[in-house]
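Enquirer: If you want the building blocks of each chain, they are given just below.
Protein chains: 4
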Amino acid sequence: QFADDMQEFTKFPTKTGRRSLSRSISQSSTDSYSSAASYTDSSDDEVSPREKQQTNSKGSSNFCVKNIKQAEFGRREIEIAEQDMSALISLRKRAQGEKPLAGAKIVGCTHITAQTAVLIETLCALGAQCRWSACNIYSTQNEVAAALAEAGVAVFAWKGESEDDFWWCIDRCVNVDGWQANMILDDGGDLTHWVYKKYPNVFKKIRGIVEESVTGVHRLYQLSKAGKLCVPAMNVNDSVTKQKFDNLYCCRESILDGLKRTTDVMFGGKQVVVCGYGEVGKGCCAALKALGAIVYVTEIDPICALQACMDGFRVVKLSEVIRQVDVVITCTGRDEKVVGEPWSRPRRSSHSQVGSLGGGGTSQPCVPRVFGGLLEPG
Amino acid sequence: QFADDMQEFTKFPTKTGRRSLSRSISQSSTDSYSSAASYTDSSDDEVSPREKQQTNSKGSSNFCVKNIKQAEFGRREIEIAEQDMSALISLRKRAQGEKPLAGAKIVGCTHITAQTAVLIETLCALGAQCRWSACNIYSTQNEVAAALAEAGVAVFAWKGESEDDFWWCIDRCVNVDGWQANMILDDGGDLTHWVYKKYPNVFKKIRGIVEESVTGVHRLYQLSKAGKLCVPAMNVNDSVTKQKFDNLYCCRESILDGLKRTTDVMFGGKQVVVCGYGEVGKGCCAALKALGAIVYVTEIDPICALQACMDGFRVVKLSEVIRQVDVVITCTGRDEKVVGEPWSRPRRSSHSQVGSLGGGGTSQPCVPRVFGGLLEPG
Amino acid sequence: QFADDMQEFTKFPTKTGRRSLSRSISQSSTDSYSSAASYTDSSDDEVSPREKQQTNSKGSSNFCVKNIKQAEFGRREIEIAEQDMSALISLRKRAQGEKPLAGAKIVGCTHITAQTAVLIETLCALGAQCRWSACNIYSTQNEVAAALAEAGVAVFAWKGESEDDFWWCIDRCVNVDGWQANMILDDGGDLTHWVYKKYPNVFKKIRGIVEESVTGVHRLYQLSKAGKLCVPAMNVNDSVTKQKFDNLYCCRESILDGLKRTTDVMFGGKQVVVCGYGEVGKGCCAALKALGAIVYVTEIDPICALQACMDGFRVVKLSEVIRQVDVVITCTGRDEKVVGEPWSRPRRSSHSQVGSLGGGGTSQPCVPRVFGGLLEPG
Amino acid sequence: QFADDMQEFTKFPTKTGRRSLSRSISQSSTDSYSSAASYTDSSDDEVSPREKQQTNSKGSSNFCVKNIKQAEFGRREIEIAEQDMSALISLRKRAQGEKPLAGAKIVGCTHITAQTAVLIETLCALGAQCRWSACNIYSTQNEVAAALAEAGVAVFAWKGESEDDFWWCIDRCVNVDGWQANMILDDGGDLTHWVYKKYPNVFKKIRGIVEESVTGVHRLYQLSKAGKLCVPAMNVNDSVTKQKFDNLYCCRESILDGLKRTTDVMFGGKQVVVCGYGEVGKGCCAALKALGAIVYVTEIDPICALQACMDGFRVVKLSEVIRQVDVVITCTGRDEKVVGEPWSRPRRSSHSQVGSLGGGGTSQPCVPRVFGGLLEPG
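Protein chains in written order, with the UniProt record's numbering: chain A, 1 to 378; chain B, 1 to 378; chain C, 1 to 378; chain D, 1 to 378.
FYI, nobody ran anything at the bench for these hints, they're computed from the structure.
Hints are supplied without guarantee of correctness; some may be wrong.
No distinction is drawn between identical chains; accordingly, a pair holds when it is met within one copy or between any pair of copies.
Distance condition first, Cα-Cα at most 16 Å in a straight line; then the derived EDC-like pairs of lysine to aspartate or glutamate [stated by the list, open to error]:
| id | residue 1 | residue 2 |
| --- | --- | --- |
| 1 | Lys260 | Asp84 |
| 2 | Lys289 | Glu253 |
| 3 | Lys93 | Glu121 |
| 4 | Lys289 | Asp311 |
| 5 | Lys289 | Glu121 |
| 6 | Lys244 | Asp301 |
| 7 | Lys99 | Asp84 |
| 8 | Lys93 | Glu82 |
| 9 | Lys317 | Asp264 |
| 10 | Lys99 | Glu46 |
| 11 | Lys105 | Glu121 |
| 12 | Lys317 | Asp301 |
| 13 | Lys204 | Glu98 |
| 14 | Lys242 | Glu253 |
| 15 | Lys198 | Asp171 |
Chain A extracted, bound-state conformation (with noise of 0.2 Å):
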């Protein structure tokens, strides 16, 4: 029922233009699998979370995930996490003292990544009340989100939620008796629509808005230009370290670890056209190129395509290597457009694979898509 409610007020057209009424939360919400295992094991074990009875060591049952018991083995990701985020780490140290979060209520709605919980959990350490939820309908690392509530935050998340259970999340995080949010930490702009719609007395008490999507800023900014966002509002997407280094450096990290995940083929002398040459692409290119695979680039900005030029890569027209390619990828932002519709077009073999990094429009999140077509009969 939650996602009929949406359906009648999500009135704001994406880009691309591809998102129908019965797909009403954002496209971020569904265009990424943390990988390929999660065919054979949902079906391991078929009692929803919303029906499960759980609590955690302290007898709290503040929370919603899939398996409580999975805290441990959560906790240890998240240490490991820790050690590569100093700069949130050095900050509990030096601020858990004077707790300066002090009486902020956050609302959350992000991927729950043992990443993530590092930044959840500092926080909590700052002084901070958080309830939160997962942006992402299969991107939650189940024994993430239960060391999180094991550590008695109020979390609602599991891989591989409905979209009933996606906004039913949400509203559990929102909607509670005593509590009312004064900040949210959106990725994607749901949660803050969810606000905005459902609670506008809330809404209004909101002091700020943290989002960091380029759909969920681009939803405010109509929001804004509607005249209607009464809310100050902080645009983290466009900061340099999200669009020089997540951008660039995460891709060229998890495009490997993406395509292996799903695919475990190797890439040297595989044949591979990346299509956009921003720095989603030019991460991408580069970690390929560095395991060996021969890689063409599609480009229309001249000052990009010749930086492809002397990057090394080739750069050709879609149509002039389509035929030759073993792996199509899409950083443009505009997979539709720029790619076709891949399984209906000859290729060379029945075993082109195309995936899509990208959000809409200039700028490119860093999230990979991979298409359905993937493991489909070619």
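Position chains B, C and D relative to chain A; hints supplied.
Expert: Below, chains B, C and D without anything else, positioned relative to chain A:
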């Protein structure tokens, strides 16, 4: 009880001397984890495959796998692997009419993965009868094993076998009423020794053995020196395609995949020391450097050390850098001696990660081995 | 006597403050050597071009170059350069019929190389009249100057000019009976200032100035601030093709070429510290890393420092590595401050080589400058 | 007249069959140019060194070089080279007290460069007497030759020798009153054959020959097969440091240096085909790829072809890419056969540049050879 049987006759000491009597299976049988997920996955399903009654769609029960229902997913993984194994596929096309392997009764013991599945099914397509077990208690891809079982191969393997399971599976391959193996395809030598010790009459009639690991080849040489190898054996390990391709190019890709799946950390800016600059070390160094890691090399061979230097790596003593590096990787085959006891040494922080690629002696197999220390409290 | 003329009015202080009054020409006029060979070449021929009577094959003497007989060789160098300058060549083809530059009387002062020769000849092909001198006393390719002279361009330049020669050549371009320049194409600002100071009536009638160097742009801004720039001037230095291509990709190639020609040593295994990780530094680091050098970076900007780190370079303080490195390269434009006085510092051995790429401030021109220290006794 | 003497007895056919009788010196004697500058430099000074009367500062005239006055500059070049040749320098320090080479009378014939000068001076420091000529008519660094002459070495070599000069210089080394060589250090075999043919009595008393080139080793093997090699000879060419270091790492650097000095073009974005993927080809490909060139490889050996593929190069037939590439580089030692007659083939444009690295047969020396076609009208 099978493990006990083995103890009495496994007298082959390994070079590294760390196989106790109670750990009678070959080192390679336990030294890799295909995924960190095994920690939690195994708890999902507590019934041993040995207890289950399973039947494939043709009514056969001549196999033992985790879950025959995963066959369809495994089949798709095999199909992806086939796309990259064009030599075997053309062999199938060229020779399956004449069935050149008709009469061959092959017992095999290898990793059970999509790639080895393509090999096994090629042997079958060429006319051989095959019975197969896993050479490693952790590395089996359960879906692939299911697909093989569904296709009619007598496969006995699952991820997370106990040592007793391990020997039970091997025995189920060899000890069959009315069928007697005449060829052995082995990886690590455990199958060969099981046949040699428990079924000497079968062993004498074997037409040939193919062995692909350093360890297994080493054991065969010892048997040969002792005058007890009455069967022709082929050393696959020393082939140029193994040494110059598997060891170099496969490690270049698998080092990243393995480290990513186990740690989920980025390598850009990390400091890594790689011990040994043979083909395996060269592959690891190239991959890590390409992702922006700062890589140091330790090497005692002057030619290899000079190569490391000319390839842009600082050649150091381990003690010079041990306090500052984030990751230690051994590619020498002599891990304990090379790295010492990492958990007792002072390190920069609690998070040095020690892993090992390599087996014994101067040649290096390319299965990554991750020390227990990785996820233990530092 | 020309140098003396200049001293009285050159009051523009440079940022680095090292231009004494007696060294009145712009810094870029003396800071590059095109080849170490100049040491011995110059001794071969002691007659100054200013003393020689030379005539090209059409009987013209309207030029002053080292040796007009070298024209044929220079022509072939220009032809090679044309192959890579397709934009200018197509412009020639497209527009030489209409002569869009008819009426333009251009005085230019740039490096005289095969590449600038293609530019000069394109201007002529489009209808302009050109008179040209060198912006640097060492960088002229004598054969190319000869080829220009043979083709009828009024060129006044040779390798190894004295300061007096330098100003004499500029003056010969401007001070012509019956011909008055109406456009200036400058690199470094010396020509512009000569016209401004010595020929104010010419200056007032100039239609426009194009200036391509950091230094020259800086001087124009100062003139403009003082309210004395009565002529439109175009800043070529800040164009994206200069910043993102010249500075990055050209330095990636010229750093190797320059170091090879001056030192003839290999870079595999060498330790190099690069000061500054802007576009110039990025290009240098990439090239040296690719040849197997171990590269350290010093950088005070946190974003650039993080980029260096993610690109696989250890970010250090100069003092940490100065004793162990073989080469020091400054890419900051602030060489003295950054590197100190290299000849007085203790170093690993007598052979640290200190060179500098860069001009002044935060932007970097890409002309390599090699300190005298290079071939001096350590 | 010396060239005529040679013609009568040089009967050794080369593999490639392109040495005519009139071109009697070894192939390696003419196949490299140390710099394009030779075109114009040679015209500066028309007096042959053989006509000049020169004396070093100690009054000796026992040498013949271009210009003894260049000695100081050459000495500094030698000092730079010494910094990178620590093995020879430590040998000097360790052994110069005992003079282990006392009594050795060595005639040598190699390239005369700063690096070989360090070798020659080390031999002298260890007690040997040396007389030296150049193995190549173009490669001598005149300043270095001058420095050797100034230091007392009997050196006979200059850049731009005629064939007659070439043999005259060799003869001056061997044919000395009151001095008889007892060791030969040769590169190409010309000296060895001159002694063998013209001074058989000297040849018989030679204690040993060291030969470092493919061609020279080939000629020695032929002499040996014919039963005429009465002297022990050492094949330096096949040492691991030559094959795995010189051929790979030195070519990685020299290919860029050579192409830059001859063409002065950028390689970013250029398309290059490299014929042959042995050690020399691997070095060239790595360097060009690193500078952003798009590199294709032709290779007939399947293992090397597969390596090229896994290293990220498209393996092609030459005819597939000849029309689109900018540069053709042969690294096979069989240039004519591999590349055909470049000047008669249709090409993309007039500017394909054909060069060759390599000598004869399956091994490859690493001296770059640039076809005349380079600067010829296409």
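Enquirer: Among the hints numbered above, which are violated by the structure, and what are their numbers in rising order?
Expert: 5, 7, 9, 10 and 13
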